[in-house]
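Undergrad: Chain C: place on chain D using the hints.
Sequence lines, in order, name chains D and C. All letters in the first sequence, in the order written, are residues 1 to 530 by my numbering. All letters in the second sequence, in the order written, are residues 1 to 530 by my numbering.
For the record, the hints were derived by calculation from the structure and aren't laboratory data. Wrong hints could be hidden among the right ones.
Treat identical chains as interchangeable: a pair holds within one or across any two.
[As the list claims (entries may be wrong)] Using 25 angstroms as the maximum straight-line C-alpha spacing, the simulated PhoX-like pairs for lysine-lysine come out as follows:
no.	residue 1	residue 2
1	K54	K368
2	K295	K467
3	K358	K368
4	K115	K320
5	K54	K367
6	K367	K327
7	K523	K401
8	K136	K367
9	K354	K257
There are 2 protein chains.
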Amino acid sequence: MKNRSIDLFDTTLRDGTQGEGISLSSEDKMRIAKKLDQVGFNYIEGGWPGSNPKDMDFFKRAADHTFEHARLVAFGSTMRHGNTPQTDPNIQALVRAETPAVSIFGKTWRFHVHKALGIKDEDNLNLIRQSLSYMKENGKEVIYDAEHFFDGYKDHPDYAIATLRSAAEAGASALVLCDTNGGTMPHEVSEIVRHVVSEFPDVTIGIHAHNDGELAVANTIAAVESGCRHVQGTINGYGERCGNVNLCSVIPNLQLKLGYDCIAPEQMERLTSLSHFVSEVANVAPFDHQPFVGKSAFAHKGGIHVNAVMKNPSTYEHMKPEVIGNKRRVLVSDLSGKSNIQYKVEELGIDNEKCAEKIPEIVQTLKKLENEGYQFEAAEGSLDLLIRKITGEWEDLFELKGFRVIIEKDERDEVRSEATIRLMVNGELEHTAADGNGPVHALDSALRKALCKFYPEVDQMQLSDYKVRVLNEKDGTHARVRVLIDSNNNGTSWGTVGVSENIIEASWEALMESMAYFLQHQKITIEKEA
Amino acid sequence: MKNRSIDLFDTTLRDGTQGEGISLSSEDKMRIAKKLDQVGFNYIEGGWPGSNPKDMDFFKRAADHTFEHARLVAFGSTMRHGNTPQTDPNIQALVRAETPAVSIFGKTWRFHVHKALGIKDEDNLNLIRQSLSYMKENGKEVIYDAEHFFDGYKDHPDYAIATLRSAAEAGASALVLCDTNGGTMPHEVSEIVRHVVSEFPDVTIGIHAHNDGELAVANTIAAVESGCRHVQGTINGYGERCGNVNLCSVIPNLQLKLGYDCIAPEQMERLTSLSHFVSEVANVAPFDHQPFVGKSAFAHKGGIHVNAVMKNPSTYEHMKPEVIGNKRRVLVSDLSGKSNIQYKVEELGIDNEKCAEKIPEIVQTLKKLENEGYQFEAAEGSLDLLIRKITGEWEDLFELKGFRVIIEKDERDEVRSEATIRLMVNGELEHTAADGNGPVHALDSALRKALCKFYPEVDQMQLSDYKVRVLNEKDGTHARVRVLIDSNNNGTSWGTVGVSENIIEASWEALMESMAYFLQHQKITIEKEA
Numbered sequence: 001m002k003n004r005s006i007d008l009f010d011t012t013l014r015d016g017t018q019g020e021g022i023s024l025s026s027e028d029k030m031r032i033a034k035k036l037d038q039v040g041f042n043y044i045e046g047g048w049p050g051s052n053p054k055d056m057d058f059f060k061r062a063a064d065h066t067f068e069h070a071r072l073v074a075f076g077s078t079m080r081h082g083n084t085p086q087t088d089p090n091i092q093a094l095v096r097a098e099t100p101a102v103s104i105f106g107k108t109w110r111f112h113v114h115k116a117l118g119i120k121d122e123d124n125l126n127l128i129r130q131s132l133s134y135m136k137e138n139g140k141e142v143i144y145d146a147e148h149f150f151d152g153y154k155d156h157p158d159y160a161i162a163t164l165r166s167a168a169e170a171g172a173s174a175l176v177l178c179d180t181n182g183g184t185m186p187h188e189v190s191e192i193v194r195h196v197v198s199e200f201p202d203v204t205i206g207i208h209a210h211n212d213g214e215l216a217v218a219n220t221i222a223a224v225e226s227g228c229r230h231v232q233g234t235i236n237g238y239g240e241r242c243g244n245v246n247l248c249s250v251i252p253n254l255q256l257k258l259g260y261d262c263i264a265p266e267q268m269e270r271l272t273s274l275s276h277f278v279s280e281v282a283n284v285a286p287f288d289h290q291p292f293v294g295k296s297a298f299a300h301k302g303g304i305h306v307n308a309v310m311k312n313p314s315t316y317e318h319m320k321p322e323v324i325g326n327k328r329r330v331l332v333s334d335l336s337g338k339s340n341i342q343y344k345v346e347e348l349g350i351d352n353e354k355c356a357e358k359i360p361e362i363v364q365t366l367k368k369l370e371n372e373g374y375q376f377e378a379a380e381g382s383l384d385l386l387i388r389k390i391t392g393e394w395e396d397l398f399e400l401k402g403f404r405v406i407i408e409k410d411e412r413d414e415v416r417s418e419a420t421i422r423l424m425v426n427g428e429l430e431h432t433a434a435d436g437n438g439p440v441h442a443l444d445s446a447l448r449k450a451l452c453k454f455y456p457e458v459d460q461m462q463l464s465d466y467k468v469r470v471l472n473e474k475d476g477t478h479a480r481v482r483v484l485i486d487s488n489n490n491g492t493s494w495g496t497v498g499v500s501e502n503i504i505e506a507s508w509e510a511l512m513e514s515m516a517y518f519l520q521h522q523k524i525t526i527e528k529e530a
Numbered sequence: 001m002k003n004r005s006i007d008l009f010d011t012t013l014r015d016g017t018q019g020e021g022i023s024l025s026s027e028d029k030m031r032i033a034k035k036l037d038q039v040g041f042n043y044i045e046g047g048w049p050g051s052n053p054k055d056m057d058f059f060k061r062a063a064d065h066t067f068e069h070a071r072l073v074a075f076g077s078t079m080r081h082g083n084t085p086q087t088d089p090n091i092q093a094l095v096r097a098e099t100p101a102v103s104i105f106g107k108t109w110r111f112h113v114h115k116a117l118g119i120k121d122e123d124n125l126n127l128i129r130q131s132l133s134y135m136k137e138n139g140k141e142v143i144y145d146a147e148h149f150f151d152g153y154k155d156h157p158d159y160a161i162a163t164l165r166s167a168a169e170a171g172a173s174a175l176v177l178c179d180t181n182g183g184t185m186p187h188e189v190s191e192i193v194r195h196v197v198s199e200f201p202d203v204t205i206g207i208h209a210h211n212d213g214e215l216a217v218a219n220t221i222a223a224v225e226s227g228c229r230h231v232q233g234t235i236n237g238y239g240e241r242c243g244n245v246n247l248c249s250v251i252p253n254l255q256l257k258l259g260y261d262c263i264a265p266e267q268m269e270r271l272t273s274l275s276h277f278v279s280e281v282a283n284v285a286p287f288d289h290q291p292f293v294g295k296s297a298f299a300h301k302g303g304i305h306v307n308a309v310m311k312n313p314s315t316y317e318h319m320k321p322e323v324i325g326n327k328r329r330v331l332v333s334d335l336s337g338k339s340n341i342q343y344k345v346e347e348l349g350i351d352n353e354k355c356a357e358k359i360p361e362i363v364q365t366l367k368k369l370e371n372e373g374y375q376f377e378a379a380e381g382s383l384d385l386l387i388r389k390i391t392g393e394w395e396d397l398f399e400l401k402g403f404r405v406i407i408e409k410d411e412r413d414e415v416r417s418e419a420t421i422r423l424m425v426n427g428e429l430e431h432t433a434a435d436g437n438g439p440v441h442a443l444d445s446a447l448r449k450a451l452c453k454f455y456p457e458v459d460q461m462q463l464s465d466y467k468v469r470v471l472n473e474k475d476g477t478h479a480r481v482r483v484l485i486d487s488n489n490n491g492t493s494w495g496t497v498g499v500s501e502n503i504i505e506a507s508w509e510a511l512m513e514s515m516a517y518f519l520q521h522q523k524i525t526i527e528k529e530a
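Pulled out of the complex, with its shape left as it was, chain D reads as follows (with noise of 0.2 angstroms):
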């Protein structure tokens, strides 16, 4: 029986960036790098030197930083019809690149070789041959990518195989089978593999999926149980169309369900933390519903799974969330009920037998806010003032007076937004305008201004997200209008909800709780070190 390990090829700074809305510095790259790196990935596509002048400098960045688990890795083509590998400059640039190893890519279907490259079946394995083997007489561990393998193979088979052999023939560490276009089924990568496997039963065969048809994560696995033990694929994945396979879920696939090794236990309960870290970095939302590291991938709504979860979590739960770093949640909506607040309430900390005969007024609260269009799925903040309001854990910080806006746009098409603020603090009136670029962010403004004499800590918390739902959008200009704002403050997150037909009433409430809510929670975690 073969070994049951896989190496891990992430290629999300170079074929990732290929996704649309995706685009990494160079100094993005060395973090997400250095991460990868921690994580036990055994190898790290950096990019494209030949391509894109901008990875010139990544490479050269990384050449002054040891990996501790990794193989940095540079990307290019064989070289083109008519040069030498010496004369030829994208395989220049892969030997300038500096890195241990390199993978380059050749063309496996005929129709490419003959209508991109324009030249012979024979002229190919060449070109395949030579610029691997000048890469290892330069010293470099090669990988080499068979573009298009499976719409290749399924043309022609002879062919497809006889690419494969000119690479290991040149001395490949690994021959990568590409689904390029995405569109191959888990059937068909099973059975091709097989084949190449019982073909080359001395190399490493990999597999490099992407997402088209929905299946990359199955094709992988597919391929892995047909004999492949090298993994290319992007976090989150992130990459060009619909993406490439996203490592994260292939990681725990592979090892927790089918028992392959990837990367140590300890490793793996960092997953979910290098899915946010790299969508923070790429400046992407995190995808919630992402299987294994997403926000919700643990969350549960209906109140017979909050219920039987309780209990016991494989009641509706396929792993434990911690192994891969995640966690689970249960969310308030009108679909729940008691159990769904009991939880929240005990992970609030509030005082549990203070809560017990309050608990029927908290979900009819719940109720009648939520009829009013009030949602508190993702506006735990609101649901822990309201719940400390009822309980009567809850201390007023501030009162409002009242507040003006006023939004001008004169001749010259200037637009002026003006906020202007009255608050009461410690029994003491605070008077304050502010300008804002939109009437929400003056009212922002205002706000910090006037409470930071009080509680200059105001200044840490940052509004992270901004979103308006409009309810009943039949109702034109005068329908009712959700707020929903996110905050944090060193790592911390919370959310917050407010609901008018004025939206800018909206926004205040929900700005005015996100503020209340910090102050509360800096309060209680100073009397709790006291």
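TA: Quick look at chain C alone, frame taken from chain D:
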């Protein structure tokens, strides 16, 4: 050989609403149900009347509508132990829903039978038998959902089969195997489904997959390839935790890649618009990288890819995007788009010859505006104005000199919104003011007041829809927002768009364009008639 016709069962309105952040009103549900019917779904599961009173409202509305293709389904659990069907509130709610079909879920896994229900194996079989028989007696088609089927089967195959036997004997038209926790692997699905199909050769077997392992599409395909002919899932894969299986991926895979019959080709072409429609109604940002139907699914960024695709799309596309109503996009060049504009110009009835030379300017302007966050797919009114302005087919019927909006909240918690507007119409300055229940409503009222004197017909038109989307949510309260307004007059409707960091300015822009479009087209109509 089995027939290759698949029954499609959509549960977006029921299981889909278990997803975090998904909430649908009865009105929303009706709109989605009508679309699903048009696209050719066989079953539409509308809700759980026994658990959520709001759902009963939907079934009442739906009873007044005639669906062309679909049978409406109400969902519920087997009756509670100790009740009779006549006294069980959940079973009675199912009867009262007055749908032609019901789906009833029951327990497969002995762990759940013992722990969650606290009853004996045999009692559970009786609950299934009695609940289903009663619904059959009430003239319903009954679909049986075997909850946790795969986990239950792995624990005790004979008992799992016995639960299906009870359902089949009670007259279920389909036995649906649910991977409730979403952690089953494709090879397990294949094996288990094959066994079930061999045990029940004369009953339709169904699959209900969840995406916790990012394998829901693969599991559904594996089930169909092993003999399932009934497929449950949701549009865009909405659903609890990581979601249900995404039917927008299952349908093209089954029909276009594997040759099963799901829907007619002209219905297949509506798949992309169905996906976008559901995300709009659910107010969830569409996932651009979604396979098949996503905005990026056929978007090419890399230079080599773009070059090759322009020569022959099959070089880097696994299928033709038009088949599912999607389209190819080229991200680095503005070579695409001209033909779309040409098409649009014809549609708008603008003089084509005058227009031809302006097309590059129109394309360039559109690209620039789309970069700033404008979107014209749902704002054809604004697109019409833009094209008319560039081609000189436009006349300014009013000019803004300035507006001011004041929103005040006082100590008694009362909020007041007032707008003042200065407009120049036919060389005359009009200065008006109006209150509103929010700032946008106030602006709308003041604008109508000002225009009414010159164009009394503005009173005929109405704003019917108002939507707000925050574009760069991570920028908090100074993010850019896009406002979409739909208006109508005598059954004709048009959309307009505004974008700004200031939500009032964005709303103003969409509002003003709506009126400008209306007045322009009134004028064109009058001129034609004259």
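Undergrad: Confirm or reject each hint.
TA: Evaluation of the provided hints:
no.	hint	verdict
1	K54 x K368	between (45 angstroms within a copy, 13 angstroms between copies)
2	K295 x K467	both (18 angstroms within a copy, 22 angstroms between copies)
3	K358 x K368	within (16 angstroms within a copy, 56 angstroms between copies)
4	K115 x K320	between (50 angstroms within a copy, 19 angstroms between copies)
5	K54 x K367	between (44 angstroms within a copy, 12 angstroms between copies)
6	K367 x K327	within (17 angstroms within a copy, 42 angstroms between copies)
7	K523 x K401	within (23 angstroms within a copy, 50 angstroms between copies)
8	K136 x K367	neither (58 angstroms within a copy, 35 angstroms between copies)
9	K354 x K257	neither (43 angstroms within a copy, 60 angstroms between copies)
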